[in-house]
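Q: Residue strings, one per chain:
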Amino acid sequence: MKNFITEKKGILSWLFTLDHKRIGIMYLVSIFAAFALGGFAALILRFELLSPDKILLTAKQYNQMFTLHGAVMVFLFIVPSIPATLGNFFLPLQLGANDVAFPRLNLASYHIYLLGALFCVASIILGSVDTGWTFYTPYSTSTDTAVIMMVTGVFILGFSSILTGVNFISTIHYLRAPGMTWFRMPLFVWSLYATSIIQVLATPVLAITLVLLMIERVWGIGIFDPAIGGDPVLFQHFFWFYSHPAVYIMILPAMGIMNEVVTTFCRKNIFGYAAIAYSSIAIAIISFLVWGHHLFTSESEVAATIFSFLTFLVAIPSGIKVFNWIATMYKGSIDLKAPFLYFLGFMFLFVIGGFTGIFLGALAIDIHLHDTYFVVAHFHYVMFGGTLYAFLSGMHYWWPKMFGRMYSEFMAKIAFWLIFIGFNMTFFVQFIMGSKGMPRRYYSYIEEFQIYHQISTVGSWLLGVGFIVMLVYLIQSLRSKEQAPDNPWGALTLEWTIPSPPQYHAFEKTPVVDKGPYEFGVEKP
Amino acid sequence: MQQIQKRKLPHYFNNAHQEFEAAKLGMWAFMAQEILFFSGLFVAYGVFRYFNPEMFIYASRLLDWKLGFINTIFLIISSFTMVMSVYHIQHNNRTKSLVNLTATFFLAAVFLIIKTFEYKAKFDHGYYPGMLFSGEGAFSSLHIFFGLYFTITGLHALHIIVGMVLIAWLMVRVWNGTVSAEYFTPVEMVGLYWHFVDVVWIFLFPLLYLL
Amino acid sequence: MNNIQSLTKKGSFYLPENISANLGQFDILFYVIFWLSVILFVGLLIFGFFFIISGKRQQDDQLAKKQITHNVKLEVIWTVIPTLIVIIIFFWGFKEYLIMRTTAPNALEIYVSGKKWFWEFTYPNGKKAIDELVVPVNQPIKLIMSSTDVLHSFYLPNLRVKRDVIPNRYTVMSFESAKLGNYNIFCTEYCGDQHSNMKAILKVVDSDDYTSFLNEVDFDESIPLSEAGANIYVKKGCNACHSVDGSNMIGPTWKGLYNKNREFADGTYAKADEVYLKESILYPQRKIVKGYQNVMPSYQGLLVDKEIDAIIEYIKELSK
Amino acid sequence: MSGHFIIPKKYYQFTFIALLILTIFTVLISRVDLGVLNTPVAIGVATVKAGLVGAFFMGLRWERANLIFVFGAIAAMVLFFLFTFIDLAYRGAITDEVSQPYGYKSPVKVTEKLHHSSSEKMDRH
Chain A
1 MKNFITEKKG ILSWLFTLDH KRIGIMYLVS IFAAFALGGF AALILRFELL
51 SPDKILLTAK QYNQMFTLHG AVMVFLFIVP SIPATLGNFF LPLQLGANDV
101 AFPRLNLASY HIYLLGALFC VASIILGSVD TGWTFYTPYS TSTDTAVIMM
151 VTGVFILGFS SILTGVNFIS TIHYLRAPGM TWFRMPLFVW SLYATSIIQV
201 LATPVLAITL VLLMIERVWG IGIFDPAIGG DPVLFQHFFW FYSHPAVYIM
251 ILPAMGIMNE VVTTFCRKNI FGYAAIAYSS IAIAIISFLV WGHHLFTSES
301 EVAATIFSFL TFLVAIPSGI KVFNWIATMY KGSIDLKAPF LYFLGFMFLF
351 VIGGFTGIFL GALAIDIHLH DTYFVVAHFH YVMFGGTLYA FLSGMHYWWP
401 KMFGRMYSEF MAKIAFWLIF IGFNMTFFVQ FIMGSKGMPR RYYSYIEEFQ
451 IYHQISTVGS WLLGVGFIVM LVYLIQSLRS KEQAPDNPWG ALTLEWTIPS
501 PPQYHAFEKT PVVDKGPYEF GVEKP
Chain B
1 MQQIQKRKLP HYFNNAHQEF EAAKLGMWAF MAQEILFFSG LFVAYGVFRY
51 FNPEMFIYAS RLLDWKLGFI NTIFLIISSF TMVMSVYHIQ HNNRTKSLVN
101 LTATFFLAAV FLIIKTFEYK AKFDHGYYPG MLFSGEGAFS SLHIFFGLYF
151 TITGLHALHI IVGMVLIAWL MVRVWNGTVS AEYFTPVEMV GLYWHFVDVV
201 WIFLFPLLYL L
Chain C
1 MNNIQSLTKK GSFYLPENIS ANLGQFDILF YVIFWLSVIL FVGLLIFGFF
51 FIISGKRQQD DQLAKKQITH NVKLEVIWTV IPTLIVIIIF FWGFKEYLIM
101 RTTAPNALEI YVSGKKWFWE FTYPNGKKAI DELVVPVNQP IKLIMSSTDV
151 LHSFYLPNLR VKRDVIPNRY TVMSFESAKL GNYNIFCTEY CGDQHSNMKA
201 ILKVVDSDDY TSFLNEVDFD ESIPLSEAGA NIYVKKGCNA CHSVDGSNMI
251 GPTWKGLYNK NREFADGTYA KADEVYLKES ILYPQRKIVK GYQNVMPSYQ
301 GLLVDKEIDA IIEYIKELSK
Chain D
1 MSGHFIIPKK YYQFTFIALL ILTIFTVLIS RVDLGVLNTP VAIGVATVKA
51 GLVGAFFMGL RWERANLIFV FGAIAAMVLF FLFTFIDLAY RGAITDEVSQ
101 PYGYKSPVKV TEKLHHSSSE KMDRH
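For the protein sequence lines, the chains are A, B, C and D, in the order given.
1 is the number of the first residue of the first sequence in this note's numbering; add one for each residue after it.
1 is the number of the first residue of the second sequence in this note's numbering; add one for each residue after it.
1 is the number of the first residue of the third sequence in this note's numbering; add one for each residue after it.
1 is the number of the first residue of the fourth sequence in this note's numbering; add one for each residue after it.
Hints are computed from structural coordinates only; laboratory data are not their basis.
Incorrect hints may appear among the rest.
[To be verified] Partner residues aside, some chain A positions facing chain C, computed with beta carbon under 8 Å:
(1) A177
(2) A315
(3) M347
(4) Y443
(5) E482
(6) A484
[Unchecked claim] List time: in silico DSS-like cross-link candidates among lysine-lysine, alpha-carbon distance up to 27 Å:
(7) C:K56 to A:K60
(8) A:K331 to C:K56
(9) C:K235 to C:K199
(10) B:K8 to A:K8
Just so it is clear, CB atoms sit at the ideal spot from N, CA and C, and this is done for glycine as well.
Make the full structure from the sequences, and use the hints.
A: Spelled out as structure tokens, the structure:
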């Protein structure tokens, strides 16, 4: 029986497909490549930091390496990671539709992503950028590295993200299965809706910021360069107006996956469906008000106070979601499979990330902790511990559905514990180092911090090994012959009602929905 | 004019109305993105007007507001002809729609030509953007105004060129019959885009030329 | 080198020693948030652990014991209580922040200029020092800071204060140290290659040491000129970019430099004699040697003529 | 919904004429110096014109679902303006911040005394 993978053969049938499932798989492969490149850069960074003086890289090369790590991880991996891969593949299936609203636009957004990635990689070859992924002026307008190339690449990647957002909004509004009202949609779709709103409303401001940066660098019109009358803090306002909503583009789909995983592995209805749905939208809206907490040390005191207050407000909806998930586990029948292990890992790490966010939200504390390793640890706990753990949980949860193969549960547990211990070893030490005063983006440091850096580097090796183990057993699962069942976890959402690798035309007869997505124990009509 | 060609509904939509509404919602999401894109430029304009208010008033005197006025009138007429072409295609008289489309196209072209005249006049006074600015002026931060002026009007002109390409593509589709009363979505969408470009100029004209 | 107090050995588990006179509450606020987070985190851990143990699934498709979908009372509680806690933390943080940012009227004004990769302090009597901020103890200090090239950020970990240093604008930061000793100063806003070497020393001394520092003349006649040049080579930060062992770093090496033929970026040539060396120290932009960036800041006003002669003598010494 | 509902021609003609009149009005009103009211009036008239184009030419008058995007985008823009201007307006409110006169580098020929009025205003903060 032909499924969407064996539908047509040949590379062209993949590169010019209009099928949302194939586009999702292509994104998955490109995301892995970007993650490998960014991860490799991270391992070299950590290796260099083993000692204060030069081991591998000179100061300039180190700066280029951490910019590469930041830019590739943020723009090429984590922003498109969940919406473009799992979102593209499962949004239509969870809605009971056969494709997204604009398939050609979907393919165009993948090709734009490839073009943007090409520019970023080209900038690496042409003497890569050494400004940090934030491109702060006046350094980015005065350095002699290939800033224009990288900035064009990121500009193009922004449009891929906007087009995905536009696509998802139209799909969710108009392609829902008959009977599926807004409150019968799975919560993963709710979070993708909130993410798409942010993607559409925030990314263009990044586009205009980068255009102005390029014009400033080439013609020097003097709006960011202080020597000719500009204001560098204005660039920071422009940049963070996009970049803080961008971190919610990263975390919201991750929270969406958590709802799917926790209900299936506790075989229990979600606790507080409406609360979680509304908190996704609340996060999407408040995320536009808080960008100033990245500028506490450079903006005026009145603005800092307002931003600090609003930053605390945005913490509340995240807290509500975490409490709801814990409540869902209460009296659940819990099955500790790999996806659920990653869910528990997510809860553990995301809660630590959230609490350290409270530290950084308080004005006085942030003045001490701003631009130190405390901030580095905070955003790795929230982005790695949050988004990446949810991405891995989602991938393991939907792996049998996507490829019709099952991965080995035992190997998955080994990889989980390797990554969990490695991650905590790498980044918890950085909290201590950061609050002690160790600034970030430092190539060499004072003697006393060496022990912390060495522990952190050894931890990063564990992380590297963990991901290699994961890669091995995932590829092994693809090569194994035996077919995974259609619904291995006994989930109720629509994508589990169709055969494992779904056909090209997934739903022969559009399903009719008459009850909520997670109503376990309610007899089927 | 060729025969109107029948169009098969894509398999994932179950009726034409749903497809039209989805396309319109997608277009409005794209319009929201464009609003935010230009908002960055308006904020930059506002910030630097706040930093040096007298210079902005002095600099806007240097611009020739008569050309700006004629440009605004042309864009409003082009918006009207665009709307009339959508109206006619909905009534299936394709010739009138095509005439209106060509009118919109030429009005846009005239707008760009006037723009080039304005730019040339600026260059003669030496008001080049940013680094190459060598103009005389009572204020030493005059180059910021002209840097912003060229950036904003340049990006707006770029959007007009994209609009003209879209209109040309529409004229071809009206001609070869793939667009008709049953399926006029592309015409409506390009119309929305064109009206947006006109609205941006409506805001730009007073801010840059008159204040 | 002068013994800078360690950040890790002194002070509490998470924070370096707090020597600030008016920011005593900072550490209390930090540890209140810390212990609140630990309690809530351990609470969630226990709940989660207990739910997993009690809920282990026996046979394959066993449903949850009870399908609870919502409980309005519980949901209201866990929305209102965190909001209250968080607002309290906000106000406390804001109160502390205002203390940090208001400068006492009788503050001693010191000008700070952040240049690419070192700090230059100008004291009230016009004396300039590089990477060395000497302040009297228990005296409110007001730093008026500006940068000459890119963004920097002036960070005193032991005083819990930090402020961005922006070109073409003066930003102000104030602190009052209550304890003697030498402390670290870091640059925390990324500013290029030597961002990590842009360190300075805060020396808190009692007031008469401070006045003697102000009148102290850098230059003492007793030692030979080239040896004085060697001290200035270290004291004024030349070692950050120029080496004396022949290896070229950010700037060309000083070994064998004297009377050497120098080719410049614009193709012209000149011999490295006294006139050229003095001009390159005071106006580095004028003649850029081929293959080097134009990043050297001017030392005009930073070095008196005698000090420049000492440096030139030292270079001659190196070139023998 | 307006899918197959065709907007009658007279709406278009009236809006067109209204737009022309308003454009001429904008130019005339800018001749009169209203002092501090100059910018708000100009932006007000432009908003009215934009509203007309949006409501009738773009068919927003008969829309429901798509309005959230228009108002969402405008709200985001207003937020962007608001918070950026809070920072700019209150610079130096507590710790006095002085903007050095713009020390120009090569690109611009300084024709007028360096210390022009706008940065004096900043000094007086």
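Q: Between the alpha carbons of K331 (chain A) and K56 (chain C), is the straight-line distance 27 Å or under?
A: Within the cut-off at roughly 10 Å; holds.
Q: Using 8 Å as the Cβ threshold, decide whether A484 (chain A) counts as touching chain C.
A: violated (16 Å)
Q: Taking 27 Å as the top limit, are the C-alpha atoms of K56 (chain C) and K60 (chain A) close enough?
A: violated (54 Å)
Q: So if I understand the rule, the pair passes when the alpha-carbon distance is 27 Å or less; does K8 (chain B) with K8 (chain A) pass?
A: Given that 27 Å is the threshold and the Cα spacing comes to 23 Å, the pair holds.
Q: Report holds or violated for the interface hint on M347 (chain A), using the least CB-CB distance to chain C and a cut-off of 8 Å.
A: holds (7 Å)
Q: Holds or violated: is there a CB of chain C closer than 8 Å to the CB of A315 (chain A)?
A: holds (6 Å)
Q: Tell me if the straight-line CA distance from K235 (chain C) to K199 (chain C) falls inside 27 Å.
A: holds (13 Å)
Q: Let's test the interface hint: is any C-beta of chain C closer than 8 Å to that of Y443 (chain A)?
A: holds (5 Å)
Q: Does the closest beta carbon of chain C sit nearer than 8 Å to the beta carbon of A177 (chain A)?
A: violated (22 Å)
Q: With 8 Å as the cut and Cβ atoms as the points, is E482 (chain A) at the interface with chain C?
A: violated (19 Å)
Checked against the numbered hints above, the structure violates hints 1, 5, 6 and 7; every other hint is satisfied.
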